[in-house]
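Respectively, the protein sequence lines represent chains A and B.
Residue 194 in the numbering used here sits at position 194 of the first sequence, with consecutive numbering throughout.
When you read off a place in the second sequence, starting at 1, and then add 1000, the result is the number in the numbering used here.
Careful: at least some of the hints might be erroneous.
What the hints assert, rightly or not - Residues of chain B placed beyond 10 Å of chain A at every Cβ, according to the derived structure:
no.: 1; residue: Ile1025
no.: 2; residue: Ala1064
no.: 3; residue: Phe1127
no.: 4; residue: Leu1163
no.: 5; residue: Thr1189
no.: 6; residue: Asp1210
no.: 7; residue: Phe1237
Said to hold, decoys possible - If you want a taste of the chain A side facing chain B, the calculated C-beta under 10 Å gives, among others:
no.: 8; residue: Val4
no.: 9; residue: Val28
no.: 10; residue: Phe32
no.: 11; residue: Ser111
no.: 12; residue: His157
no.: 13; residue: Gly169
no.: 14; residue: Leu200
None of these hints come from the bench; they were simulated from the model.
As the structure is a prediction and not an experimental result, all values here were calculated from the model.
A virtual CB, placed ideally from N, CA and C, is assigned to each residue, including glycine.
Read off the chains here:
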Amino acid sequence: MKQVPVLWLLWPVLLVLAVFFAAFGYFVADSFLHQIPGTAMMAGPVSLENYRTILGSVLVQRIFVGTLWISCKITLAATLLGYPLAYLLARTASARVRQAILFLLVVTFLSGGITRAYAWMILLGNNGPINRSLRDFGYPPLALLNNETGVLISLVHFVIPFFVLTLFGTIKNIPMALEEAARNLGGRRWRAFTSVTLPLSLPGLVSAMLLTFTVTVSSFLFPLLLGGGRVQMAANLIYDKMENSFDMPVAATISILFLLVSLVPLSAFSLLRMGLGRRFGGTRR
Amino acid sequence: MNSRRGRPVNSRPYALAVPAMAAIISAFLALPVVVIVYYAFSPSGLMVFPPKALTLHWFVNFFASGRFRGALINSLLIAALVTPASLGIAVPTAIALVRRDFAGRGALNALILSPLIIPGVVSGVAFLNFFTWTGVTSGFWRIAIAMMCFTLPFAVRALVATLHGLDGALEEAGRNLGARPWQAFLAITLPQLYPGLLAGGIFVFVEAIDNFSIAVFLTDLRTTTLPVEAYGYIRDFDDPTIAALATILIAQSLILVFILQRFVGMDRFLDLRR
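Build the full structure now, drawing on both the sequences and the hints.
Take a look at the structure:
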C-alpha cells in the first residue's frame, strides 16, 4: 500500500531541531570570540583563550565540583525517601492509599517550580512557621534559609515526584509471586526484599536516579531563591556572568564546559542502566 | 491484574515501617503546598495560627498590579500558542518514530529528547545569543520559539508511548477498505491518540507557564512572564502576593489533575510520562 513519504511527517520536527541546534552552533562558535570591553558585542580573533581562562579558574572549578556534589547528595536523599514511597505505591492493596499518594505526587509535580521554591522560602524563613514554633517553645531559631540546608531540603522536595513516578512502574511490574516465593521459602521480609525486589528494581532505580541527577544538576531557581547568594551552582554562575557583565563569550564557554562536565556522570549512569537492562531485562523498555 | 494475585490475608509484602515512612514523606510533600495556600489568605503577612481572620487582599493586590496582569496574559498566550503547536508537530513525528522504519530513527529520537538533559540556563543563554544574531527582539516571540523547542520532547514522549499501545492494523484495515491516508488517520488513529494528546498537552502547558530558567534571559522591557515577574517581586518585596500567585497555580494544577483523572485515568497517565 502506498504510504505518505516519511519526510512529510518529519519536516516540522526537523525544522524545530534545526532552530535548536543552530542556536547551539552559534553558541559554540561565539565561545571562541571575546567581548569588546564595555559593550555587549563580540569580536575575534578566534582562540581558545576563554577555555584556558575558565578551566584555570579556581572559582569555576569549585562551583562545578560543588554542583556535582550537591547533586549526588540530593540524588541519594531522594533515593532513601523515594524508594519506600514508590514501593508502597506499587504494592499497596488499598486503591484509596494509591490514589491519595498519586494525587499528592502529581499535584505537587504540576504546581510548578516557582510555587514550591517560594513556599520553602516562607516555610524555612526566620519568621516562618518552623522557626516561630521553635521560638514559642523557647528554642533558638535554626538557620534554614540562605544556606545550603534550605537548598537541599527544597530540592529534595522538588525531585521526589520525578523519582517516585519513574521508579514505581518498574516495581509494579515485578511479579509479587517472586517475593512471596522467597518468603514462603523461609526468607524474612527484608531478605526477600534485598535478594529479590531490590535487584529486580535496579534498572528502574537507576533510571529514577539518572532523572533526579539531571534535574538537580541543572537547578537554578532553587539555589537562587533559597541559597541567599551563598550557594552558587553552575547555572547561577552562568546567570551572574550574564547579569553583571553581559559577557556572552565567557558565559558560552562556562555553559559548554558545564554541559560536558554534567554529561560525564550522566553517561556513566546510562551505561550502568544499559548493563543492568541486559542483565535483568525485567523492564518493559 | 490485581484479581489474579491471590495472597494470604495475613502476609503483607512489606513491614509496617514502609507505610509509616510513606506517611511521613507524604506529609513532607504536602507541607509547602498547604502552608503557602494558608499564607496567601493571612492578613498580616505573618503566619499566625489559629487564624484571626482571612483575607483576599493579596489576590486583589496581584490582579491590581499592571505588571502581574501583563505577565499573566503573556504566560497564558505563550502557553496557548505553544501547546497546540507542540502537539501538532509531535503527532506526525511520533507516527514516523513508531510506525515507520527509516535510516537514523534511533538517532533522531535521541536528538528530539536531547533538550531534556541540557540545563535550562544553558539553553536560555544559547537562545539569547541566537536571537541577538538573528535580530529577533520581541520578548514574546523569543520565549514562544524557545518554549516550542524545549517542550517538544514532552509531547513526543507522551505520543510515542500512546502509539506503542495502539494496533496499527486498524488504520491499515481502513486503508484496505478504501480510505485515503488522511481519512484513515483522522477517522481511526487521531481519536485513539487522545490520552497522549491530553497528557502531553498538560506537560507542555505547565512547562510553558512555569519555565523560569530559559524565559528569564529572553524577556524584554515590555514582555515578562509570570515566574520572571514573580522572581522580581520576591527580590523587592516581602508580602504574600506571590503566595496568592502560588495558590492560583496550585488551583490550576488541581484542575489539570481532575481532567486527567476524569479523561485519562491516573495509571494510564503515569505510563505516558516515561
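Against chain B, run the beta carbon of Leu200 of chain A and see if the smallest gap drops under 10 Å. violated, 13 Å
Interface hint compliance - Ser111 of chain A to chain B, C-beta minimum distance less than 10 Å: holds, 4 Å
Is the Cβ of Phe1237 of chain B farther than 10 Å from every Cβ of chain A? holds, 12 Å
Holds or violated: is the Cβ of Phe1127 of chain B farther than 10 Å from all Cβ atoms of chain A? violated, 5 Å
Status of Leu1163 of chain B, Cβ more than 10 Å from any chain A Cβ: holds, 12 Å
Can we keep the Val4 of chain A interface hint, with Cβ of chain B closer than 10 Å? Holds - the Cβ of Val4 of chain A comes within 10 Å of chain B, reaching about 5 Å at its closest.
Would you assess whether Ala1064 of chain B, listed as outside the interface, keeps its beta-carbon beyond 10 Å of every beta-carbon in chain A? At about 20 Å from chain A, Ala1064 of chain B clears the 10 Å cut-off, so the statement holds.
Per the CB criterion, is His157 of chain A less than 10 Å away from chain B? Holds, because the Cβ-Cβ distance from His157 of chain A to chain B comes to roughly 7 Å (cut-off 10 Å).
Taking the closest pair, is the beta carbon of Asp1210 of chain B still more than 10 Å from chain A? violated, 4 Å
Beyond 10 Å from each Cβ of chain A, as asserted for Thr1189 of chain B: holds, 12 Å
Interface restraint verdict for Phe32 of chain A against chain B (beta-carbon cut-off 10 Å): violated, 13 Å
Against chain B, run the beta carbon of Gly169 of chain A and see if the smallest gap drops under 10 Å. OK, holds: Gly169 of chain A within 10 Å of chain B, min 7 Å.
Checked against the numbered hints listed earlier, the structure breaks hints 1, 3, 6, 10 and 14; every other hint is satisfied.
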